[in-house]
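Order-wise, the sequence lines are chains D and B.
Heads up, the first sequence stops at 483 in my numbering, and the numbers go up one at a time, no gaps.
Heads up, the second sequence stops at 483 in my numbering, and the numbers go up one at a time, no gaps.
Treat the hints loosely; a few may be bogus.
[What the hints assert, rightly or not] Chain D stretches covered by chain B per the calculated footprint, using a threshold of three residues with CB under 8 Å from any CB of chain B:
1. 417-423
2. 428-442
3. 460-468
These are calculated hints, taken from the structure and not from any lab test.
Remember, it's a predicted structure, so these values are computed and weren't measured experimentally.
C-beta atoms are modelled at their ideal positions from N, C-alpha and C, and glycine is treated no differently.
2 protein chains.
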Amino acid sequence: MRIAVIGGLAAGPAAAAEAKREAPEAEVVLYEASPHVSVGACEMPYFVADRLDGKPDLIVLTPEELARSRGIDVFVRHRVTHLDARAGRLTVEATAYNATREERFDRFILATGARARSLGVPGESASGVFTLRSLLDARGLKRWLETEPVRHVVVVGGGYVGLEVAEAMRDRGLRATILDPKGRVLAKSLAPEVAGQLDRAVHASGVAVRAEKPTEILTGNDGRVEAVRTDRGEIIGCQAVVVAVGVEPRTELAEAAGVTLGKTGAIAVDEHMRTNLRNVWACGDVVEVPRIIDGAKIHWPLAPTGRRTARVAARNAVSARTRTSGGDVFRGVTPSVAVKAFGIEAAAAGFSEEQAQEAGFEPLAVQIRHTTRTKVFPGSKPIDVRLIVDRARGRILGGQIVAAEYAAQRANVLVALIRYGATARDLAEDVDLIYNPPLAPAVDPLKIAASAALGKLA
Amino acid sequence: MRIAVIGGLAAGPAAAAEAKREAPEAEVVLYEASPHVSVGACEMPYFVADRLDGKPDLIVLTPEELARSRGIDVFVRHRVTHLDARAGRLTVEATAYNATREERFDRFILATGARARSLGVPGESASGVFTLRSLLDARGLKRWLETEPVRHVVVVGGGYVGLEVAEAMRDRGLRATILDPKGRVLAKSLAPEVAGQLDRAVHASGVAVRAEKPTEILTGNDGRVEAVRTDRGEIIGCQAVVVAVGVEPRTELAEAAGVTLGKTGAIAVDEHMRTNLRNVWACGDVVEVPRIIDGAKIHWPLAPTGRRTARVAARNAVSARTRTSGGDVFRGVTPSVAVKAFGIEAAAAGFSEEQAQEAGFEPLAVQIRHTTRTKVFPGSKPIDVRLIVDRARGRILGGQIVAAEYAAQRANVLVALIRYGATARDLAEDVDLIYNPPLAPAVDPLKIAASAALGKLA
Ligand SMILES: Cc1cc2nc3c(=O)[nH]c(=O)nc-3n(C[C@H](O)[C@H](O)[C@H](O)COP(=O)(O)OP(=O)(O)OC[C@H]3O[C@@H](n4cnc5c(N)ncnc54)[C@H](O)[C@@H]3O)c2cc1C
Ligand SMILES: Cc1cc2nc3c(=O)[nH]c(=O)nc-3n(C[C@H](O)[C@H](O)[C@H](O)COP(=O)(O)OP(=O)(O)OC[C@H]3O[C@@H](n4cnc5c(N)ncnc54)[C@H](O)[C@@H]3O)c2cc1C
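Chain D with its partners taken away, still in its complex shape (with noise of 0.2 Å):
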């Protein structure tokens, strides 16, 4: 049996290797386009900060050390160009040379994940501007701040990928200004009465969050980035500009292929993460997957995701087996999301209001303030925690978390509970969450949350 991977940095790897592991007799090929594999992505607005210890070129595994250790076939500057399933056929071409061939196999596994989101605006392509998606983005802008006199740079989008690129700029000792068109970070997962302390914190650090979206880049004579002008006729001006507005799944391949993609544009997959073609399977960045909650289909481009699919698929890949003869199954995701920028910890698991909203709940949102610690034991932080329940059952179905401290975990406690379907009086009266005062205040935040919400649907 011969399996195609196509795509290695995450997802891709992770699949390979399980596909090896399920079936060593099988003959295991990935193909990357760029130079890299097992790169560390989420890693890079932090190397490109100057901030990692050790070995920083965020390579996981060389080629040869996936190829060797897994004993997979490992392709780099190897970009797949097309796929006949039914054929069992692939087209390979060797980009450093220009040169394609076609290779034979039995089974494919899509992992070409995503790309980052361009803004379409005259000047874009200009040097200077970047994404953050590949290694080689990370190097070329570290490069470019490292070589070029770089004092402002402009960061286009106020999500966790901007507000993370904005504290890499300022611990470069760069000015930095983030436009996002709701003036502020985290939008996405943060309801603004709850993300006051990181808003302040981003504010104290001296990054400028303008409600602002960029309609043209102007450059210079010599073709480098100047300036960045605003949907308010403003001009930025600034000697980098970093996009990060978001990414979308790179299905070009797959839908030459035949492959039907979702409604959310990323490749639509059974619960074994196999795609309409029988011996195609998807899995990663590229995928959509069903919402815990309400089942919903979405587009959840983070790493956990990706290495659970990824396993799911190759297994499914080698036994071609479905539920009902014991395949695996991924169940679904229950979305959560933690950054830690500027001394703040800002989480977020399950359904914002707007999302519980669209999915048909009937939201109930309540918000408290409590501290880290018990409020007399030193270093004690406030903390912020909002809560949304289903106004029916007061099933909970979602949380934010702000605070210098503990947060992150605490959207965790909240991931599992959504998982099992727990209620806003199961958190307030049965969940027995630790009380120590170094740890945690004598009620537990987000139990104090959850009877506030009590208090409301009563």
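Guided by the hints, dock chain B with the ligands onto chain D, whose structure is given.
Chain B with the ligands only, in chain D's frame:
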């Protein structure tokens, strides 16, 4: 309706306040033998260490504040010496006056708590020998340390209170020696394999831990403690001794009134916190409670359990309702405990291996070491996770987590998972724990432990 609440430290005030909230027309009277109500008992070690911020006298509410804010009658220095439930009668002793009187009530809530266990060795009543249970204890110990020429303190018992006290001594610049039969701290909560980081931190702080038991406390001519003699025949010179060998429920009043005790020696209650006597409820450290996983009755003298059982007792006492008629129900505890001492967080949730075995499970324990953040992220620390699962179904029974950061909240994640019956497979594959370089590694240590358990189960 007149309701008497007996005991005013933590559970008592919570019960009294809740009773008044539920039945504003009722007369709620609280009796407390000591001069204080609403004491922050868990902060006492830090109070003794002089580490607390602000008003550091541990009094959360004065009797007057408690009375005024909650609308209840509060009598401090009033000990209830006799309870005749059938006749609806209490005998109360005003300890300052050595005077007793009788009072009539319709319903009674016992919140008489627990007392520190004593050693039962000669010399225990010497000056300079303390337990740490009441505010008077804490003040007495602190004054002793401030006014006597203390250099070395022997702490008997290496549980979480003993550990916190030893840290307090070191914070005061004193030498401390912990005596514990197991020769290590938190021996009941942590398996020796997982405790390494904590053991090393205790050792590095200069606190000695000795596998010895005191057999006698030696005093000088002035009646002050001079040394502790141990079961190994050693004599350890010291100028103070703190006995922290656990607590026992204070059940005399209840027993004399005909209240049934459970196997643990604490008061037996039903799920409404009602005792065998029709008009008597009980809550807090004086009752035993069902453990969530197996329903076994345990004595679990921690503050969150006290608060919750207090509310259930109060609501049912007010309404005298039972489950079938909609009474509030206490479902049980998922035992969980956490400490931070000497820079290390140590936490445990659910069963230890021994407890699981005793409860009739066939436990499998796995232990992994990982990092608290991405390995290359500055500040990343080792984290040790021990996971205990049921061999039969892979159900998560318990876990122990030790690290310099991000440990305690992870125990809360386990609490939620245990509470809802999650299996190792669920945790390894289905629970979306956050990944973000400064906050957590790519695969959460809990998930790595769960995968290790799956591997061993297969
Ligand atoms: C700056 C940044 C920070 C992040 N931080 C976090 C975080 O904190 N937590 C978190 O959970 N997630 C984070 N993520 C997201 C995480 O990195 C992604 O979920 C993960 O990289 C997805 O892996 P993937 O392999 O599915 O897709 P990609 O990473 O997109 O990899 C796809 C690979 O396929 C290759 N490819 C595509 N088409 C072809 C073809 N036709 N032939 C050959 N090769 C092809 C591409 O070159 C690419 O290398 C972050 C991402 C970025 C960019
Ligand atoms: C040093 C220390 C640290 C702790 N740390 C933690 C921690 O980090 N986390 C945690 O969850 N828990 C902790 N605890 C435990 C927590 O403090 C207890 O669970 C809580 O105090 C129990 O409250 P209670 O009201 O049930 O009992 P108690 O605190 O024992 O109070 C009972 C009260 O009843 C009074 N009383 C008894 N009999 C009579 C009578 N006949 N008449 C009138 N009054 C009477 C007593 O004087 C006493 O004040 C700690 C405890 C100590 C001592």
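Task: Ascending list of hint numbers which this structure does not respect - done: Per hint list: single violation, 1.
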